[in-house]
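Visitor: Taken in order, these protein sequences are the chains called S and D.
Take the first sequence: its letter number 5 is residue 36 in our numbering, and every next letter is one higher.
Take the second sequence: its letter number 14 is residue 26 in our numbering, and every next letter is one higher.
If you're looking for bench data, these hints aren't it; they were derived computationally from the structure.
These numbers come from a predicted model, not from an experiment.
Don't take each hint at face value.
Think about it this way: if two alpha-carbon atoms lie no more than 25 angstroms apart in a straight line, the pair counts; the simulated DSS-like pairs of lysine-lysine are [unchecked claim]:
#1 13(D) to 80(D)
#2 88(S) to 111(D)
#3 88(S) to 75(S)
#4 88(S) to 40(S)
#5 40(S) to 75(S)
#6 13(D) to 88(S)
#7 111(D) to 80(D)
#8 80(D) to 75(S)
#9 111(D) to 75(S)
#10 75(S) to 13(D)
#11 54(D) to 111(D)
#12 75(S) to 54(D)
#13 111(D) to 13(D)
#14 45(S) to 75(S)
#15 54(D) to 40(S)
Where chain S lies over chain D, by a calculated footprint (3+ residues, C-beta under 8 angstroms) [unchecked claim]:
#16 36 to 47
#17 50 to 63
#18 109 to 123
All residues carry an ideal CB built from backbone N, CA and C; glycine is no exception.
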Amino acid sequence: NAGVTQTPKFRILKIGQSMTLQCTQDMNHNYMYWYRQDPGMGLKLIYYSVGAGITDKGEVPNGYNVSRSTTEDFPLRLELAAPSQTSVYFCASSYSPGADTQYFGPGTRLTVL
Amino acid sequence: KQEVTQIPAALSVPEGENLVLNCSFTDSAIYNLQWFRQDPGKGLTSLLLIQSSQREQTSGRLNASLDKSSGRSTLYIAASQPGDSATYLCAALRSNDYKLSFGAGTTVTVRA
Numbered sequence: 032n033a034g035v036t037q038t039p040k041f042r043i044l045k046i047g048q049s050m051t052l053q054c055t056q057d058m059n060h061n062y063m064y065w066y067r068q069d070p071g072m073g074l075k076l077i078y079y080s081v082g083a084g085i086t087d088k089g090e091v092p093n094g095y096n097v098s099r100s101t102t103e104d105f106p107l108r109l110e111l112a113a114p115s116q117t118s119v120y121f122c123a124s125s126y127s128p129g130a131d132t133q134y135f136g137p138g139t140r141l142t143v144l
Numbered sequence: 013k014q015e016v017t018q019i020p021a022a023l024s025v026p027e028g029e030n031l032v033l034n035c036s037f038t039d040s041a042i043y044n045l046q047w048f049r050q051d052p053g054k055g056l057t058s059l060l061l062i063q064s065s066q067r068e069q070t071s072g073r074l075n076a077s078l079d080k081s082s083g084r085s086t087l088y089i090a091a092s093q094p095g096d097s098a099t100y101l102c103a104a105l106r107s108n109d110y111k112l113s114f115g116a117g118t119t120v121t122v123r124a
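My request is simple: use the sequences and hints to build the entire structure.
Guide: Here is the structure:
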């Protein structure tokens with residue numbers, strides 16, 4: 032049982048490049064989330080999903096896109112990377128948002144130069 | 013909009029001292045309050061979850077209290093150890109949309 036896995040661990044992008052951050056969970060959770068964490072700040076919700084085929088925006092969705100074709104995978108796409116997207120990105124999943132905690136992946140540290 | 017604040021931002025204590033970490037939130041319409049631990053370069057690990065109907069939750073040396081009416085939660089760590097050094101984040105789950113609002117965290121250093 033690996034929990035929530037994320038790849039890559041680190042990445043440096045040039046301004047204007049695109050990339051996909053991968054997230055997979057093996058706990059059969061319906062709910063999945065993408066957060067970003069900037070230095071000295073709390074985590075901010077980018078996008079979330081309540082099940083395969085269903086996604087919705089969080090607090091800071093601009094510059095990102097998501098898809099959810101399976102229960103296990105929830106990739107985050109960055110189009111036209113900007114320096115403001117330099118951050119640490121965390122994927123999380125939960126069984127039930129009210130009764131259960133969220134389980135987090137190890138994070139992807141992204142730098143845009 | 014839910015604002016979650018954690019003060020102080022950093023704390024350094026000698027080994028064996030009890031730790032008291034504070035969390036305040038502006039909107040009392042929460043479903044639960046959660047405490048997480050984050051080690052450098054790692055993801056978040058859940059420590060305690062307190063439902064809105066509860067006053068406290070305990071796990072080993074950790075005890076968390078919740079006072080919804082005053083918008084406060086406190087995490088107590090008894091007899092601190094160097095292994096407790098980490099950043100501790102609290103997060104409030106909003107009742108209206110089941111989303112977490114996070115504080116910025118308190119970074120704890122326990123000196124041997």
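Visitor: Each of the hints needs a verdict: does it hold here or not?
Guide: Checked hints:
Taking the CA atoms of residue 13(D) and residue 80(D), the gap is about 16 angstroms. The hint holds against a cut of 25 angstroms. Restraint check for residue 88(S) and residue 111(D): the C-alpha separation of about 11 angstroms stays at or below 25 angstroms, so the hint holds. With a CA separation close to 11 angstroms, the supplied pair residue 88(S) and residue 75(S) stays within the 25 angstroms bound. A C-alpha spacing of about 24 angstroms is found between residue 88(S) and residue 40(S), which places the hinted pair at or below 25 angstroms, so the restraint holds.
The suggested pairing of residue 40(S) with residue 75(S) holds, with an alpha-carbon distance near 19 angstroms, which does not exceed 25 angstroms. Distance check on the hinted pair: residue 13(D) and residue 88(S) sit about 16 angstroms apart at the alpha-carbon level, within 25 angstroms; holds. About 17 angstroms separates the Cα atoms of residue 111(D) and residue 80(D), which keeps this hinted pair within 25 angstroms; it holds. A threshold of 25 angstroms between alpha carbons decides the hint, and for residue 80(D) with residue 75(S) the separation of about 23 angstroms falls inside it, so the pair holds.
The suggested pairing of residue 111(D) with residue 75(S) holds, with an alpha-carbon distance near 10 angstroms, which does not exceed 25 angstroms. Taken as a hint, the residue 75(S) and residue 13(D) pair is honoured in the structure, with Cα atoms around 13 angstroms apart against an allowance of 25 angstroms. Proximity of residue 54(D) to residue 111(D) is assessed by CA-CA distance (about 22 angstroms); at most 25 angstroms being required, the pair is judged to hold. Restraint check for residue 75(S) and residue 54(D): satisfied, since their Cα atoms lie roughly 17 angstroms apart, inside the 25 angstroms limit.
Annotation: proposed proximity of residue 111(D) to residue 13(D) holds, straight-line Cα distance about 12 angstroms (limit 25 angstroms). Taken as a hint, the residue 45(S) and residue 75(S) pair is honoured in the structure, with Cα atoms around 23 angstroms apart against an allowance of 25 angstroms. Between the alpha carbons of residue 54(D) and residue 40(S) the distance comes to roughly 10 angstroms, so the proposed pair stays at or under 25 angstroms and holds. Residues of the region 36 to 47 of chain D with a Cβ under 8 angstroms from some Cβ of chain S number 3, which satisfies the need for three, so the listed coverage holds.
Counting residues of the region 50 to 63 of chain D whose CB falls under 8 angstroms from any CB of chain S gives 7; the rule of at least 3 is met. Here's how the region 109 to 123 of chain D fares: 8 of its residues keep a CB closer than 8 angstroms to some CB of chain S, so the rule of at least three is met and the hint holds.
The structure is consistent with each of the numbered hints, conforming to all of them.
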